[in-house]
Amino acid sequence: MKLPVNIDIAVTHITKGLRQTTVASFGVALGVAIYLFMNSLSAGFSGFSRDNIFQNNAHIKIYKSDEISQPLLPESNASSLNIILNPQITTRSKTLINPADILQKVKQEPYVTNAIEQIDYTVFYNRGSTQLRGSGIGVNMIAYSEMFNTQKYMVAGSIMDLQGNINGVIIGSGIAEKLNLNVGDNISMSSSYGISKVLKIVGIFKMGNSIMDDSKSFVNLSTAQQFLKEKTSYVTTIYANTINPDNTAEYVGQLQTITNYTVEDWKTTNADVISGDKTRSTMMDSISLSIFALAGFIIYNILSSTISQKINDIAILKATGFSGKDVIKIFIAEALIMGVIGTIIGLMLGSVLIFMLSKVYMGGPVGYFPIAFKLSLYIRSFVLGVMMTLIAGYLPSRRAANVDPVEIFRK
Amino acid sequence: MSNKEIIISTKGLGKYFYDPIKFKVLDNVSFDAYKGEFLTLVGKSGSGKSTLLYCLSTMDTDYEGELTINGKLITGKKTNELAAIRNESIGFVFQFHYLLPEFSCLKNVMIPALRLGKYSHAEVEERAYQKLSMLGLQDQALKQASKLSGGQQQRVSIARALINDPAIIMGDEPTGNLDSKNTEMVFDIFKQLSQEYGQSIIAVTHDNDFAKASDRTIELADGKIVDYNKYFA
Chain Y
1 MKLPVNIDIA
11 VTHITKGLRQ
21 TTVASFGVAL
31 GVAIYLFMNS
41 LSAGFSGFSR
51 DNIFQNNAHI
61 KIYKSDEISQ
71 PLLPESNASS
81 LNIILNPQIT
91 TRSKTLINPA
101 DILQKVKQEP
111 YVTNAIEQID
121 YTVFYNRGST
131 QLRGSGIGVN
141 MIAYSEMFNT
151 QKYMVAGSIM
161 DLQGNINGVI
171 IGSGIAEKLN
181 LNVGDNISMS
191 SSYGISKVLK
201 IVGIFKMGNS
211 IMDDSKSFVN
221 LSTAQQFLKE
231 KTSYVTTIYA
241 NTINPDNTAE
251 YVGQLQTITN
261 YTVEDWKTTN
271 ADVISGDKTR
281 STMMDSISLS
291 IFALAGFIIY
301 NILSSTISQK
311 INDIAILKAT
321 GFSGKDVIKI
331 FIAEALIMGV
341 IGTIIGLMLG
351 SVLIFMLSKV
361 YMGGPVGYFP
371 IAFKLSLYIR
381 SFVLGVMMTL
391 IAGYLPSRRA
401 ANVDPVEIFR
411 K
Chain C
1 MSNKEIIIST
11 KGLGKYFYDP
21 IKFKVLDNVS
31 FDAYKGEFLT
41 LVGKSGSGKS
51 TLLYCLSTMD
61 TDYEGELTIN
71 GKLITGKKTN
81 ELAAIRNESI
91 GFVFQFHYLL
101 PEFSCLKNVM
111 IPALRLGKYS
121 HAEVEERAYQ
131 KLSMLGLQDQ
141 ALKQASKLSG
151 GQQQRVSIAR
161 ALINDPAIIM
171 GDEPTGNLDS
181 KNTEMVFDIF
191 KQLSQEYGQS
201 IIAVTHDNDF
211 AKASDRTIEL
221 ADGKIVDYNK
231 YFA
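Chains Y and C are the protein sequences, given in the same order. So in this note's numbering, the last spot in the first sequence is 411, and the numbers never skip. So in this note's numbering, the last spot in the second sequence is 233, and the numbers never skip.
These are calculated hints, taken from the structure and not from any lab test. Ideal Cβ positions, reconstructed from N, Cα and C, are used throughout, including at glycine. One thing to keep in mind: the hints can contain errors.
Claimed, not checked - Far from chain Y, by Cβ distances over 12 Å, these chain C residues were calculated:
no. : residue
1   : LYS78
2   : LEU116
3   : ASP139
4   : GLU219
5   : ASP222
Claimed, not checked - Derived pair list, reagent style SDA-like, types lysine to any residue, alpha-carbon separation capped at 20 Å:
no. : chain 1 : residue 1 : chain 2 : residue 2
6   : C       : LYS78     : Y       : ILE328
7   : Y       : LYS229    : Y       : SER290
8   : C       : LYS22     : Y       : ASN167
9   : Y       : LYS325    : C       : LEU116
10  : Y       : LYS374    : Y       : ILE345
11  : Y       : LYS61     : Y       : SER233
12  : Y       : LYS374    : Y       : ILE68
13  : C       : LYS118    : Y       : ILE7
14  : C       : LYS143    : C       : SER133
15  : C       : LYS77     : Y       : ASN402
16  : Y       : LYS325    : C       : THR79
17  : C       : LYS143    : Y       : LYS61
18  : Y       : LYS329    : C       : ALA84
19  : C       : LYS118    : Y       : ASP326
20  : C       : LYS72     : C       : LYS44
21  : C       : LYS78     : Y       : VAL403
22  : Y       : LYS325    : C       : LEU82
23  : C       : LYS4      : C       : LYS147
24  : Y       : LYS16     : C       : SER104
25  : C       : LYS143    : C       : LEU116
26  : C       : LYS44     : C       : HIS206
27  : C       : LYS181    : C       : GLU126
28  : C       : LYS22     : Y       : ARG410
29  : Y       : LYS200    : Y       : LYS325
30  : C       : LYS191    : C       : LYS143
31  : Y       : LYS64     : Y       : ILE258
32  : C       : LYS78     : Y       : ILE7
Can you make the complete structure from the sequences, with help from the hints?
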């Protein structure tokens, strides 16, 4: 082998001090494994809770917000007559005006991947004297399923059967259970506008979320419009998905230039969930980084003691013409070799942990444990592991560089 | 000897030790050493001879006065430049052999040459073998340094000192730890190096026989040179 002489010396030190090398590498491996594992846990859980959000939330929604009545006369100054106000919601109809045009424009935006129109309304499910209150959704079911992946949650029937079927309905499993209904049965539904209809159940979904399963139903847009006694252009909300759900703030700003209606992203709608996610990932980050720092101390310690042991060797090297820089290079190379070996072992160890946990069945809507296998996390763990060993190696090697050979030889 | 080429020269070299109290260990030391000269430094313990050697070696930079090696002023140079000068022009032999214990003898000899980078790896290896066989150690080349006897280790360290063909070889009690047979061997090697290869030897020694047999002996006492040519003047 014809390595550069500094590296050659480092390699010899490492191979002759196998026990120390092993301990140091194992320290790094443990730190990297735990860091990777915990971050994968965190990422997996964030992904899971985000999937949960996107089950029934699009990245961006456009709707008509309630308007509050304004005073007829603007307030002039403090000394003038006070106008007593009783502000009220003045919204007459929740509809968006010319929704087809808005939908068309939204779809033309380059960052929008998918957009649909939807009608939300309040509905009662009746059977005999039993009455369940719920919320109905009027949509084009195929487009809706494309966006929210509803097909995945169907436990009976199919979303295809609702397409073009104005007398069909898809209901949540909770409703089906409580009213003892199944696919093919009829269900009587009435709206707050006094419209009552008997619809045929073409499908049942179960999302594992009681708010959804016990109250939601899907009908065609035109059926929903009939429930609300509205004309065929009536639409309450437009949902849009984008190429990057993390960048919705920017998209909201751009969409707001297209329409006057309220444009809101999923982060605003789910601020509570997001802040919970942030808290959890910050917690995980601090724990895993502390463990990482601990591993750094192990390396620092081992290199420090190696340098103390080899102080004679360092003096000889300096006497024979090695500069302080050369000495730093030697010990940095040692740290780096240990660091890279340890990091690679750590990544493998972490992978095993992740793999094992991903096979643990949690039951319910969670299914298998949500843990992420993310390349970016592997890269980050690798870079951090190597950086840590570099720093942990650099600090004691500076001491080695400053060894005064005369002082050693005179002893 | 005055017509010979000067290899190393000092002018008014002075040095203090500060611990435990300020103490002048070298006082106005001026002398020249010549190319191909086998020079020994003698003196009682504490006379400053080892301190002088370390100043000459460029490792100790904390002195007053001037040091010139090969016509170049050394005083005031940066530590990295000094390391390069040591690497190329100075070879060291210490009292306690000081090999790198984890490396083979061959590697120990090769390391300064690999650092110098003048020759390819294969050439360096070839040269290291040459130096080792010159010292009768070709059979020990691949053994780990720590497995050799003291005399053998000392000869390996001489081979290491020679690997870059330095102009000057310095020894701090190079035979201080050796029996008479090995001492004689080391002496003969030094003699041969100065006579046949024109390399200068500067060695600190306690051994009067060793000093007497060298070309010239400088005696120090209390940090001053008291005799420039002790045995022949």
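LYS118 of chain C paired with ILE7 of chain Y [C-alpha distance capped at 20 Å]: holds, 18 Å
Straight-line alpha-carbon gap LYS200 of chain Y to LYS325 of chain Y, limit 20 Å: violated, 82 Å
Below or equal to 20 Å on CA atoms is what counts here, so check LYS325 of chain Y against LEU82 of chain C. Within the cut-off at roughly 13 Å; holds.
Would the pair LYS78 of chain C and ILE7 of chain Y pass a check requiring their Cα atoms to be no farther apart than 20 Å? violated, 24 Å
Compare the distance between the alpha carbons of LYS325 of chain Y and LEU116 of chain C with 20 Å, and conclude whether the hinted pair is satisfied. Satisfied, since the Cα-Cα distance of roughly 14 Å is no more than 20 Å.
Restraint status (C-alpha distance of LYS22 of chain C to ASN167 of chain Y at most 20 Å): violated, 107 Å
ASP222 of chain C and chain Y, when compared Cβ to Cβ, separated by more than 12 Å: holds, 18 Å
Holds or violated: LYS4 of chain C and LYS147 of chain C, Cα atoms, limit 20 Å. violated, 42 Å
Can you confirm whether the C-alpha distance between LYS16 of chain Y and SER104 of chain C stays at or below 20 Å? Holds, at roughly 12 Å.
Verify that the Cβ of LEU116 of chain C lies farther than 12 Å from every Cβ atom of chain Y, and report whether the claim holds or is violated. The claim is violated: LEU116 of chain C sits with its nearest Cβ about 7 Å from chain Y, within 12 Å.
Is LYS78 of chain C truly not at the interface, in the sense that its beta carbon sits beyond 12 Å from all beta carbons of chain Y? Since the minimum Cβ distance to chain Y is about 9 Å, LYS78 of chain C lies within 12 Å and the statement is violated.
If you draw a straight line from the CA of LYS374 of chain Y to the CA of ILE68 of chain Y, is it 20 Å or shorter? violated, 48 Å
When held up to the earlier numbered hints, the structure conflicts with 1, 2, 7, 8, 12, 17, 20, 23, 25, 27, 29, 30 and 32 and fits the remainder.
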